[in-house]
Amino acid sequence: MGYFLRRTGFFVATLWAAVTLNFLIPRLQPGDPAEAIVSRLTGKSEAVDPRQVEAIRRLLGTPDGSLLTQYWDYLGELVHGNFGLSYTYFPYTVTEVIGDAALWTVVLVGVTQILSFVIGTLLGAWAAYRRNSRVDSVITLGSTFVGTLPFFWIALLLIYVFAITLQWFPDGGGYGGGSTPGWSWLFFSDAFQHSVLPALSLLITGPIGWIIGMRNNMVQELGQDYARLARAKGLPQRRIALTYGARIAILPNVTGFAIALGSILGGTVLVETIFNYPGLGRLLLESVSNKDFPLMQALFLFTTIGVLVANFVADLLYGVLDPRVRRTEAA
Amino acid sequence: MTPRRFRAALVAVATTASLTLAGCTGTESTSAAPTEDGLIPVLNYGDFGGGEMPKENYNPFLLATKLSATEYLYERLMIVETYSCQEIPWLATGYDWTDDKTLVFDIRDGVKWNDGEDFTNEDVAYTFNLIKENDVLDTAGVWQYLDAVEATGDSQVTFTFKEPGGSAFQMINGVPIVPEHVWSQVDDPTTFTNAKDPVGTGPMTIKSFNPRELTIERNPDYWQADDLKVKEIKFHKVDSGGQVEQLKLSRGEYDTQGMYVPDIEKTYVERDPEHNHYWYAPGGVISVYMNLTEKPFDDVEFRRALTTAFNYDEVVEKAQLGYVEQASQTGLVIPGQEDWLPEGLENEGKMPYDAEAADQALTDAGYKTDADGNRLDKDGNPISFSFKVPGEYLDWVAASDILIENLQDLGFEVDQETPQPATHDEDRKTGNYDMIFGVYGGTCDMYRNFADPLDSSRTAPVGKPALSNETRWQDPETDALLADLKVATDESEQQEAVAGLAEIMMDEVPNIPIWYGAKWFQYSTKNAVGWPNEDDPYAGSNDFLPMLMHLRPAEDSGDEG
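First to last, the sequence lines map onto chains D and S. First residue of the first sequence? That's 0 in numbering that gives the first Met the number 0, and the numbers climb one at a time after it. First residue of the second sequence? That's 0 in numbering that gives the first Met the number 0, and the numbers climb one at a time after it.
Pulled out of the complex, with its shape left as it was, chain D reads as follows (with noise of 0.2 angstroms):
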């Protein structure tokens, strides 16, 4: 239990430390969120108007009192989940924007890692499997090779020659402009449609960590004295690498794989950006170059906590799935 005990206290901790960095870093920017928004909107070619930043500066109100009364009210304002006004959105909240969004990036990318994984933990362990034979070396070598591709240069040409030149997919967005965002079959194909680079770019790229992890370790234990001796004793090949060696060899993989899914929120700018899909990712790199503080930290405040649950999940899970782990800490 004292694992479990003290794995909690951690997380309680790094959690704090997480909040109130993000409290801090965002007043430690330098930079007038209104006159960038200005700026913005007059364009490098006109005046900007300083009455107009003046009157931004008023609407959306600077912080008064001192940065302790700042935090404690930060703090309330938190746990009561109120996270105040879009500078971007303006009156709309923090929390409407991100609702919006959020559904987006967790489905695509949700559905991509999952299946990343799955296909990459498959690979890697057929490739241990039928470690140094031709099965190995295509996915070894085509999995290294692919890894060495820039992601933005992949997602490109996958819509330059499907979307632009062939013309079977649309070249960005989350859903046509035709199509109204609600619960319907119509919206769900279309939304589809437009998933299907974003996702497939994903798929290209997503297994490869994984392929080369499983296959990594799974060697490894292969090569372990229990993985020889159970050949000695005369058990079939296939069950070996199952049971014993991949069971084993797959354990690294799922801290990754929690972790992975934590970082959902903050991991998907680049694709986001490039297919210009409505999620998080992108919404995360337009509060930064517009210094929408509190949408800013709203969405570093997700991002952490994801990270932190994740991880807080994957010590648990890891307690469970390997004893050693759990003796180890309370010697």
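Hints listed in this document are in silico derivations from the structure and should not be mistaken for laboratory results.
Computed list of lysine-lysine pairs in PhoX-like fashion (alpha-carbon distance at most 20 angstroms, straight line):
1. Lys-349/S - Lys-317/S
2. Lys-428/S - Lys-43/D
3. Lys-131/S - Lys-100/S
4. Lys-317/S - Lys-43/D
5. Lys-233/S - Lys-195/S
6. Lys-485/S - Lys-161/S
Calculated Cβ distances over 12 angstroms to all of chain S for the following chain D residues:
7. Val-18
8. Asn-81
9. Leu-114
10. Ile-118
11. Thr-204
12. Asn-215
13. Pro-251
14. Thr-254
15. Asp-314
16. Leu-315
From a predicted model like this one, the values you see are computed outputs, not experimental measurements. Don't be surprised by glycine CBs; every beta carbon is placed ideally from N, CA and C.
For chain D, the structure is supplied; the task is to place chain S on it using the hints.
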């Protein structure tokens, strides 16, 4: 990689893709026939604002986040078009200064809100008092000048000012008029999104919204309905990056767009020379700012010498691809503001590039060169300074390269620094620079055009952010002229003050205008004609309402737009 750099990389890769593509896709030239009642069925416009994932917001006072369709919902008393600043009577039929502190507008009869209620002078008075009570909605700051706004008589509104109010005329006409019967029911107008059936007097109403596409449709009861020939306008979300958008533009998917396109002739006009056109009217004055608190920039002789030191033509042709014009040293935007030029001015105040004259003038002013050609200050030390330019503004960087070369030819040691735009703006505000580009002017508010860069009350000591006078120009004569201009209601008084300020720009050189920033505007005459352009500049490209009222179905009048 920073997000911007990353985008730049994307752009680079995608340009190759789109250029290859531009060669192999045909242009659609099917034109939508007008409807039976002679209307243009639909026009496709560019972006509608509201960020990357727009939400419905038609509150005309929330200037940073409202969707651009709001401009078609609410109207102003007079429209002062942005190209040559002509006043077009709109919700008001006219105005009169009864004395220099009292301005009376005559409100138009027969205008209705789109919910069927009558529009009255009470609505106008209500609107102004609304932004008085909610001062964050007063984005132009009209209430710094106003004392009271009242509905008077049957159809008049009387504005009284605290002091002579000539310079506030522009601002008053910038305020969108909203219906009292709707807005008086709103709890908090500062956080009102006005998303549901917005009530305005404008020519269009909201038809449908989705974050990627916003459609507005003709208001059949509009007060100028006879001249309103557009049935529907579809705005399309323009995603960042722009390469795909360029492709859409060259494919003819937009009837009008306002975006930067490299080599517009090739990527757009040549695709359909009969219909595709562009008009890049001048915007603000892009000017070399010198830090006037530093030597040698505090010396008027020195600054005057530099006005002939720059190769303006090369900046215009090479850095700006010939899309813009050289700026007049007066700070006025020519040709739109040519009526304001002081009399007897040579070449509209556009300075010639004459390095020899600059060299001579510098030497005469006491800035000699040594044997190696280095330019020395009056104490005999080499003059060296930096030129800051945001690294992301590629055309600005190219322009600064040329200017720096010109300066180096005169023997100055000049370093180029390329900070991030936010840092650049901050440095310019706080005076942390030697030489830098600044932008001002080009609006119809002549007082603002000159007060922003030159008013001594709009500056601050180096280290503190200046409101807008970033060169830190302090001159009693300038301030006196600005004070005259601020209160002038009479045209000849305004002329006189502006001419005086333009002369100060010529003689004392508070900054050196180089070129006019361009307002990007592309249009197609496939479906509609009557767009404003160089031959018929009845309004600026961002004067949406006058433009809409000029549009006619393409079949009516041939292809010249």
